[in-house]
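Peer 1: Spelled out from the first residue to the last, the chains are:
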Amino acid sequence: MFAKKRLELSIEKPAFKRACRILEDAGVKGYTAFSAFAGYGGGMRWQKGTDLSASQDMIMIISVMDQDVIEKVIDALENLIGSHIGLLNISDVTVLRDEKF
Amino acid sequence: MFAKKRLELSIEKPAFKRACRILEDAGVKGYTAFSAFAGYGGGMRWQKGTDLSASQDMIMIISVMDQDVIEKVIDALENLIGSHIGLLNISDVTVLRDEKF
Amino acid sequence: MFAKKRLELSIEKPAFKRACRILEDAGVKGYTAFSAFAGYGGGMRWQKGTDLSASQDMIMIISVMDQDVIEKVIDALENLIGSHIGLLNISDVTVLRDEKF
Amino acid sequence: MSSELILSTLLSPIVLFFILGLGAALMRSQMSVPESFAKGLAIYLMMAIGLKGGVEMSKTALSPDIFAIAGVALVLSFGMPFLAYMMLRVTSKMSRVDAAATAGHYGSISIVTFVAATQALQLAGIVTSGYMVAMAALMEVPAIMSALVLARRGMKKEGEVAGSEKGELFREVFLNASVVVLVGALAIGWMTGEAGMEKIAPFFVTPFQGVLCLFLLDMGLNAGRGLRQGWRQLDAGALSFGIIMPLIGAALTAPLCWLIGMSIGDAALLITLAASASYIAVPAAMRLALPKAQPSIYLTLSLGVTFPFNLTLGIPLYIILAQWVGG
Amino acid sequence: MSSELILSTLLSPIVLFFILGLGAALMRSQMSVPESFAKGLAIYLMMAIGLKGGVEMSKTALSPDIFAIAGVALVLSFGMPFLAYMMLRVTSKMSRVDAAATAGHYGSISIVTFVAATQALQLAGIVTSGYMVAMAALMEVPAIMSALVLARRGMKKEGEVAGSEKGELFREVFLNASVVVLVGALAIGWMTGEAGMEKIAPFFVTPFQGVLCLFLLDMGLNAGRGLRQGWRQLDAGALSFGIIMPLIGAALTAPLCWLIGMSIGDAALLITLAASASYIAVPAAMRLALPKAQPSIYLTLSLGVTFPFNLTLGIPLYIILAQWVGG
Amino acid sequence: MSSELILSTLLSPIVLFFILGLGAALMRSQMSVPESFAKGLAIYLMMAIGLKGGVEMSKTALSPDIFAIAGVALVLSFGMPFLAYMMLRVTSKMSRVDAAATAGHYGSISIVTFVAATQALQLAGIVTSGYMVAMAALMEVPAIMSALVLARRGMKKEGEVAGSEKGELFREVFLNASVVVLVGALAIGWMTGEAGMEKIAPFFVTPFQGVLCLFLLDMGLNAGRGLRQGWRQLDAGALSFGIIMPLIGAALTAPLCWLIGMSIGDAALLITLAASASYIAVPAAMRLALPKAQPSIYLTLSLGVTFPFNLTLGIPLYIILAQWVGG
Ligand SMILES: Nc1ncnc2c1ncn2[C@@H]1O[C@H](COP(=O)(O)O)[C@@H](O)[C@H]1O
Ligand SMILES: Nc1ncnc2c1ncn2[C@@H]1O[C@H](COP(=O)(O)O)[C@@H](O)[C@H]1O
Ligand SMILES: Nc1ncnc2c1ncn2[C@@H]1O[C@H](COP(=O)(O)O)[C@@H](O)[C@H]1O
Ligand code: NA
Ligand code: NA
Ligand code: NA
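So the sequences go chain by chain: A, B, C, D, E and F. Numbering of the first sequence is given in our numbering, commencing with residue 1 and proceeding in unit increments. Numbering of the second sequence is given in our numbering, commencing with residue 1 and proceeding in unit increments. Numbering of the third sequence is given in our numbering, commencing with residue 1 and proceeding in unit increments. Numbering of the fourth sequence is given in our numbering, commencing with residue 1 and proceeding in unit increments. Numbering of the fifth sequence is given in our numbering, commencing with residue 1 and proceeding in unit increments. Numbering of the sixth sequence is given in our numbering, commencing with residue 1 and proceeding in unit increments.
The hints are simulated quantities; they were obtained by calculation from the structure and are not laboratory data. Please read these numbers as outputs of a predicted model, since none were measured by experiment. A portion of the hints provided could be inaccurate.
Stated by the list, open to error - With a Cα cut of at most 25 Å, we get these calculated BS3-like pairs of lysine-lysine:
| hint | chain 1 | residue 1 | chain 2 | residue 2 |
| --- | --- | --- | --- | --- |
| 1 | F | Lys157 | F | Lys292 |
| 2 | C | Lys72 | C | Lys5 |
| 3 | B | Lys29 | B | Lys72 |
| 4 | A | Lys29 | E | Lys166 |
| 5 | C | Lys72 | B | Lys72 |
| 6 | C | Lys29 | C | Lys100 |
| 7 | F | Lys166 | C | Lys48 |
| 8 | F | Lys93 | F | Lys166 |
| 9 | B | Lys100 | A | Lys72 |
| 10 | A | Lys29 | C | Lys72 |
| 11 | E | Lys166 | A | Lys17 |
| 12 | B | Lys48 | B | Lys72 |
| 13 | B | Lys72 | A | Lys17 |
With the hints as extra help, turn the sequences into a complete structure.
Peer 2: Structure follows, in structure tokens:
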């Protein structure tokens, strides 16, 4: 079993592709994205489907990677969530196959 | 980087709003909710869409917060998942911007 | 509060039922599954809905369990993600009710 | 004539598509109608039913009869859960709260069963009144209250569930999708009348039966899956309840129809409403109000047992019954 | 005659279903039309509008008039945001970037409002031209550029957001769903003409108004929810802007219609386009281009305030206005 | 006459909407038809096709011809994968398992291509038989078995994948959505006949072509995206296979049609079935049975290359071919 970092990035849907490009450019081997259906932040609730432009939808991207990749990725992501609605957290995980991450 | 707690609460859909109110009342700064599409528990499988009332759907709420907030939130959540179908887990994460959580 | 293991298994949709059977056979008490809407791996992006057969969709299964159950489950899962598109990670979490996991 | 009626019901496309879905699910096919598509169709069906009822109501003045029928409908919805509860407690091993929640489902109604009955009557050339849609809407809710009374009777009052809010149950019960759409469309149909309907009939009237086929394919899949997943939860008493209770509901309603002098068509519809059980509105309300009751019990019964029974054998029986008591 | 027009608009099924949805959302009903179903209906509606416009364009040769109207449409879409921006900066406490983003919404258009106006005109027996659909498409985008000019004016140039790519804003703006489907269907309708349309009319023409009812039920729910969640974000100045700006847009457009000699029906549609505000294409573009602007502000205004106003009172007013200036 | 046929096919609304979607995806538009809406439409289309075929079958007694055609259909579905496999191994660098999986797709069929051919024939005034729908259903599955034979030939038997279950492949293959709905609707159409169809025709028959337009817009988006994402995976040999294989399939089928004396319309449909490749049922089965085969290869070929080719140029060619061999 190998120790890795798990990045969980929540980002507003219109900026989703930007987040993807950042991850890919930093050499992340993979990521998986989920669509949130509701949320709360800044004192306001939102719910998917209410906003026809889908511009308030949130996407959560999960990506497992090595410590050194996360260091490369984090500055660009900080810039992204400085401009766009978004937030991230990082945790420790173990994985089976080192070469996949 | 700042150390925070990540709460992962799975709750049956009919009780989703109740969970939201608990979190908001405890002063959580934000949360994001996802809709599960299938699951297993108590020896039974369920699958989204089979139950027209959606009353067996499960929602997962993810919220990152400070240690002291989680302590406030946990009793009310324990009451909630004592009555409703639900379960929760807590893990350690690090975040970039302390003030957002 | 009790210490448990949180398994996060991403698996291609056609193999989803196989993953469920593995977990259930190992005596896992429960799991919850989510449908990803996009992802990246092996240098290729995929997006839900583009592939009419849904055979490229990814499912994420989350299951919280005891250390000894995870050991039972891991070999069969390794076989599964050796044949099918998939990956997993394991992390430490704490839970409220020991008997539920 | 009655065997003809049964056969023509069983061989109508909507029932055949239901059976197709049921069979596929029981044979463990993975096929499914996407949930959001089916939910969209459900809203369409309720709008169409409401509009049609409303337009027909707009054509004739409201007679005093209508209030008599409404009275009977209310009594049935309030009253049947008590009967159902007693039956369940005697014939099955269900807990008190499970029996109460299940009983509530049988006092309330299934709008798809109602629609299927309308189609069968139309096929048999029997006329029905537009205001029967209003009766359907009227019978959705009262049974929920009876269920709460039954469940809480003799229990020491529990504390509120954390996070619950005043008014949430009320909103769930009175402002759920089927009440809002059915009552709203009924009112709109009534207000706009035949003239307003003309322009939207090509969407809400002409393709209605076809949409119903697609919807019932999905209902068959759901019923089959519900049955496959849940039947182990149910003992023989509970399972037979799913067929006996509709028959009792029908048997109770028929003399009341005769008493207030209902037409054959309307009597058939009221009997069908009484015999049908909810699987959308009531389960949702029960999860809020009686979270300790197990959804797998009441859903398996109402969707997996009673609905298929009514759709296939029940409806022709209820029409035959109505031919005896209706005038 | 004008009060008749207002009444017949308000009592049309599409408006009544909108009000039903709006009321349900304001009363906090949990009912909803599934997002993907509503989005599918939206694509259907845009295809239908585009095809119809295209087929009608194929019947008559393009006249020089059409270019004059296109010119006016472009001027309005480019110009109105500047006016709207000034109004917002004077009457409300909105920040510069919020005001610019909001202004962009009012230069662009709402295709559902356009369709509702078409229906109201049809009801009133007033003819319109197929090419007005092209005008609607034409007015979607220019306002976005004006908003960017307004927001960036006098600011020191910021660095690019990480991960942004050349061309992404262009694609978002010129290849968004409504532009692709509307323009594409318009072109297809034009190419295939009456003959091609015949076979697909039973899907795209006959049931159109009925589909619109279902769609507007959902719009009502969305507008009500947007209003409930967002109105606290808005001061009195901003809220009144949501009603005054459409009226100003209409007042500006009317004399231009007169100047270039538009027919009553076409003038009513152009006025409606000017008075309507975007809630799909522009918000999406703004999130990419001006992420600092708050979506809750511009969405609440355009969807929660302006759209309901236009749908109920605005459209009859614009028709009356067009009757004065149109020939 | 043949250039006319090509032109009228290319300019039909369904092909134009496909091209619109294809173009939008290739230009990287973000627009999409919601997945669940498109899946709902797909079920509708299969129900409609099945019902129509069934009703037509109910009108005439089954002739011995039908068994000859069924025999040819089975031989084609079983046999073509072997040919396709050899071609792929010779002309491209595909691995054995990828070639086998891809070959399986070309033995099976695309129901949308079949429908498009039906429409083109109808436009050209050429009649077809209802039982050809049964042939389409018949050809879906056998090719999957040939692919398994090909993939496993000469390999030492691998152990079972963990979690796999007896019967799961069988269910995936014989009870997938398209088999269930197509065969089920065919049977229902057959049982209820013209009389049962009458009531549901306004949903399943009249709007059919319009729904097809919307569905093909989505297919165009999917094909374009598949092509954009996957073409780099394919070498020139593989890419050209996507166009040459359908032509070979057609060339093989044509003389067989002549041999058993099929009508022009039916021959055109059988040729089209042979020339078309699956992108729904077979990929799903391959992921279960041959998980080592790369989906990006076979999906890009069948959906991104072969489907667009067939829809635009292939179908008119196949009709011309049928005019030579059919009687
Ligand atoms: N490091 C990763 N973190 C999260 N998800 C991943 C990762 N690598 C791959 N995936 C997911 O697994 C799918 C298949 O990846 P692969 O096995 O690399 O082709 C991708 O499309 C992603 O959805
Ligand atoms: N602490 C948090 N934990 C999880 N999700 C959050 C949190 N804060 C904000 N979010 C999500 O991010 C969105 C925007 O939040 P904000 O940036 O605070 O306006 C919310 O609607 C939530 O979906
Ligand atoms: N250990 C677990 N890990 C993840 N999800 C679970 C677990 N146990 C239960 N669930 C979810 O909670 C639902 C109800 O479970 P139960 O309370 O055991 O009936 C299940 O259907 C799952 O979706
Ligand atoms: Na009942
Ligand atoms: Na405007
Ligand atoms: Na083929």
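Peer 1: Please go over all the hints and tell whether each is borne out by the structure.
Peer 2: Structure-based check of each hint:
1. F/Lys157 <-> F/Lys292: With a Cα-Cα distance of about 14 Å, the restraint between lysine 157 of chain F and lysine 292 of chain F holds, given a limit of 25 Å.
2. C/Lys72 <-> C/Lys5: holds (13 Å)
3. B/Lys29 <-> B/Lys72: holds (13 Å)
4. A/Lys29 <-> E/Lys166: holds (24 Å)
5. C/Lys72 <-> B/Lys72: Answer violated: lysine 72 of chain C to lysine 72 of chain B is near 36 Å, above 25 Å.
6. C/Lys29 <-> C/Lys100: holds (7 Å)
7. F/Lys166 <-> C/Lys48: With a Cα-Cα distance of about 29 Å, the restraint between lysine 166 of chain F and lysine 48 of chain C is violated, given a limit of 25 Å.
8. F/Lys93 <-> F/Lys166: Cα-Cα ~34 Å, so violated.
9. B/Lys100 <-> A/Lys72: holds (22 Å)
10. A/Lys29 <-> C/Lys72: Between lysine 29 of chain A and lysine 72 of chain C the Cα gap is close to 28 Å, so the pair fails against 25 Å, i.e. violated.
11. E/Lys166 <-> A/Lys17: holds (12 Å)
12. B/Lys48 <-> B/Lys72: Measuring from Cα to Cα gives roughly 32 Å; hence the hint is violated.
13. B/Lys72 <-> A/Lys17: Given that 25 Å is the threshold and the Cα spacing comes to 37 Å, the pair is violated.
The structure fails to meet hints 5, 7, 8, 10, 12, 13 from the earlier list, while all remaining hints are met.
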